[in-house]
Amino acid sequence: MSEERAIQEEFERAAPAFAERTRGRFDDLPATGFSRVESHETVLEVGCGTGNFLRQFRGHAQRLIGLDLTAGMLGVAKTQHPDLGLVQGNARRLPFASASVDLVTSAQALHHIWDPIPVVMEMRRVAGPQGRVMVVDQHTTESYEQASFMNQLEAIRDPSHAVSRPPSAFRIIITSSGLEIVDEHLWEGTNRLSQWMWPGEFPEERIEQVRGFIEKHGPETGMDWERDGDDWVFTRRRMMILARRA
Amino acid sequence: MKSLASSEEAKLALDPKLLEILACPNCRGDVEYIESENVIVCRGECHYRYPVRDDIPVMLIDEAEKP
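Chain order of the listed sequences is A and B. Numbering-wise (our numbering), the first sequence opens with residue 1 and increments by one. Numbering-wise (our numbering), the second sequence opens with residue 1 and increments by one.
Hints may contain errors.
[As the list claims (entries may be wrong)] Chain B side only, calculated, beta carbon under 8 angstroms to chain A, not exhaustive:
{"hint": "1", "residue": "P25"}
{"hint": "2", "residue": "D54"}
{"hint": "3", "residue": "I61"}
Note that these hints are calculated values from the structure, not bench results. The model shown is predicted, which means the values in this text are computed figures rather than measured ones. Glycine residues also receive a C-beta, built at the ideal position from the N, C-alpha and C atoms.
Throw the hints in and build the complete structure from the sequences for me.
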């Protein structure tokens, strides 16, 4: 199955419950300030899903545009955030003119993409010489072994997961895409298995498979899994990188 | 088939400022929204025609109607 088809299948399935589960997951990230967005600017999010990240820019920018591969996610975004401009499209071939957007961002999208450099290069093209690119994603520790176990776990949880990467890999992706890093921000928070795999969104057998993996390999993932009654708590790590054309 | 009412809504919902920055993902040409057909047409090299569904432009090469 192609990467695109896997993403569409998983997110068409998840769309109705996804917005509810992920509501507020970006609220602790100081994304708007970090982005240096200005009130006259246009912001594009590549892989906007149901708009939970993009909506944070409301009141900080003039125009918000979200692109996603999955019609179901965009349908939810349209209902919940009618002020967003929405487009269905593929991140590998962005349907936008060159240098047409001030800030091109993506949040929690690159870990669905095995080969992200063409995507970041497309973001660079649309941002143009004066624009900025901001990438936000979960990250692994710098341990290759821990990253490998975390990715095995993520792939059980979500068949459209490609690869979570350590911060050093994001820096290489950004600079290999013809950008230079302006700023970066590493964030850590706590999450729960019951929230990460909300029963309303995930099939029960998948939750059980993930539980089994955590019991067996939890300590090897670098995610600090700790049992809490029937639930598990873990550390979620995210990275934000702001970049401009090198 | 789309009803007249939903076509009218699509017309109103497609933001002219969004249309200004849209481009053909295949040839990168300029595009034009044809209100009467509720379709976005490439005016560059390929002339692909992209559907608009539920007021959302579907700018996927695989879903374009090709001349």
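Query raised in the report: Are there hints from earlier that the structure breaks, and if so, what are their numbers?
Result: Failing hints: none at all.
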